[in-house]
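Counting from 1, one number per residue, gives the positions in the sequence shown under UniProt numbering.
Among these hints, one or two may not hold up.
[To be verified] Derived pair list, reagent style PhoX-like, types lysine-lysine, alpha-carbon separation capped at 25 Å:
1. K366 <-> K396
2. K418 <-> K375
3. K369 <-> K396
4. K388 <-> K369
5. K388 <-> K366
6. K400 <-> K418
7. K366 <-> K405
8. K405 <-> K388
9. K418 <-> K369
10. K400 <-> K375
11. K388 <-> K418
12. K400 <-> K388
13. K400 <-> K366
14. K366 <-> K418
15. K375 <-> K396
16. K388 <-> K375
17. K396 <-> K418
18. K375 <-> K405
19. K400 <-> K369
Derived from the structure by calculation, the hints contain no laboratory data. Computed from a predicted structure; not experimentally measured.
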Amino acid sequence: MQRLRRIAALGSGLLVAGLLLPVTSAHSATVAIAPRIIGGVPSSASENPWQGLLVINDRALCGGSLIASTWILTAAHCVNGADASGVRAWAGISAMSERSEANRLPVSRVIVHPQYDSKNFVNDLALVELSAPWTPGPGLASIGLPVAQDPATWPAAGTPAIVSGWGYLGSKGPAATVLQQANVHVLSAPDGSCGSYGSSFRNVSHVCAGEATGGIDTCQGDSGGPLVVDVDGRRVLAGVTSVGNDCALANYPGIYTRVTSFLPWIRDAAGIPLAAPAPPEAVTAVAVAGGRVVVSWTASEIGTFVVTSEPEGLTCETTDATCAVEGLQPGSTYSFTVTAENVVGTSTSIPTEPVTAVAGTATVGKTVKQATVFKWAGVPVRSSSTMKSLTPLRCKGLGKGIVIKQAGICRVSVQTGKSRGVAVIGAAA
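The whole structure should be built from the sequences, with the hints applied where relevant.
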């Protein structure tokens, strides 16, 4: 490769995809140049919610991809030798002017691939760790990793792909102020060659993408950004913008780091799973007071869990192994499933045994006061109020209360004037 293009070294012929910027204050949140993709169109964070922006030592501009709530995947040549304190990160922005200290992502660590070769740009991959997770939204989401794809065949030659970033419009500019994206194609199979690069293209480490005739490409400022492929409606990260001979030249497409070749390293370095979680097991549901049901389970790994009721579809979400679903109708019967989620996919448990939601709970042998029974029924109590057990084998009226006789569901009809209701009580042994 004669002119590796993705970080622009001022005063030299070596070009790679990061852009060197005029020096600003060490604490400044502004960068003087905002480059873009060649042959692309203006885009937005909502179209590319995984797109990250990195500014290194207030000089070099690169892209990145959100692959988990606290991890950005980028190119090694962007951050090689940089300390975490010198790397500033943003995501969820469309225009460079949207950057501020308030929406900056806090960087805590930089991990460069240990076999990164700055001469041949193999293993050109790095991870940027954040000290706090970002919050998912319309313009913030992680990109899927190619964990289900066969690295021997994917991505195939001819596969459509999308590149995005704030790189130059041409090798010498001009600059743009909003995120750009462009449609390109993968130009060689995993065991093929790339344009006129010859042996400089290492197919184990690289993906060849662009247009054979040139005109559409990544350029300075785009380093570390995503090469994205659609897989059955799901966007998957196929490559990380790395190097190339100038920009958008015929027979010299862009070269991207092949993500499938580095999944084990990503897993080991960042602790990101490469498979969907196993379904939660031993799922139990217990009704508690207030129309709530506490659902508990066991899981083989830590992740996010969503409990869903059937019917009504009420949910709760947690990272623990127990969660209380609220807003259930006392007296109605529900079953529950638990769905485990990670960055790869989801899996769902079998439904629980049916459980009846209750307004209150009591133990066998105890007497529930009249005022409490009426409160659970949602009916005011007066001196003229009446109540009657609808389940006399489990509970019966006794003076100004209800005595619990057996474990199970106790139903008590109450009335005050024209106001009527039913208290549903969960009786435990």
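To see whether the hints hold, each was checked on the structure:
1. Proximity of K366 to K396 is assessed by CA-CA distance (about 11 Å); at most 25 Å being required, the pair is judged to hold.
2. Straight-line distance between C-alpha atoms of K418 and K375 comes to about 16 Å, which keeps the hinted pair within the 25 Å bound.
3. Under the criterion of a C-alpha separation no larger than 25 Å, the hint pairing K369 with K396 is consistent with the structure, at around 12 Å.
4. Proposed proximity of K388 and K369 is supported: the alpha carbons are some 13 Å apart, at most 25 Å.
5. Simply put, K388 and K366 have alpha-carbon atoms about 17 Å apart, close enough for the 25 Å limit, and the pair holds.
6. Between K400 and K418, the direct Cα distance comes to roughly 20 Å. Compliance with the 25 Å bound is thereby established for this hinted pair.
7. Proposed proximity of K366 and K405 is supported: the alpha carbons are some 8 Å apart, at most 25 Å.
8. For the given pair, K405 sits about 15 Å from K388 by alpha-carbon distance, which is consistent with the 25 Å threshold.
9. Under the criterion of a C-alpha separation no larger than 25 Å, the hint pairing K418 with K369 is consistent with the structure, at around 21 Å.
10. As the CA atoms of K400 and K375 are separated by approximately 14 Å, the hinted pair is consistent with the 25 Å bound.
11. About 16 Å separates the Cα atoms of K388 and K418, which keeps this hinted pair within 25 Å; it holds.
12. At most 25 Å may separate the alpha-carbon atoms for a hinted pair to count; K400 and K388 meet this at roughly 11 Å.
13. Distance restraint check for K400 and K366: the Cα-Cα separation of roughly 13 Å lies within the 25 Å cut-off, and the hinted pair is therefore satisfied.
14. A C-alpha spacing of about 29 Å is found between K366 and K418, which places the hinted pair above 25 Å, so the restraint is violated.
15. The suggested pairing of K375 with K396 holds, with an alpha-carbon distance near 17 Å, which does not exceed 25 Å.
16. Note on K388 and K375: the hinted pairing holds, with a Cα-Cα distance of about 15 Å set against a maximum of 25 Å.
17. Between K396 and K418 the CA atoms are separated by roughly 23 Å; this keeps the pair inside 25 Å, and the hint holds.
18. Distance hint between K375 and K405 is fulfilled; the C-alpha atoms sit about 21 Å from each other, no more than 25 Å.
19. With a C-alpha separation of about 6 Å, the suggested pairing of K400 with K369 holds against the 25 Å cut-off.
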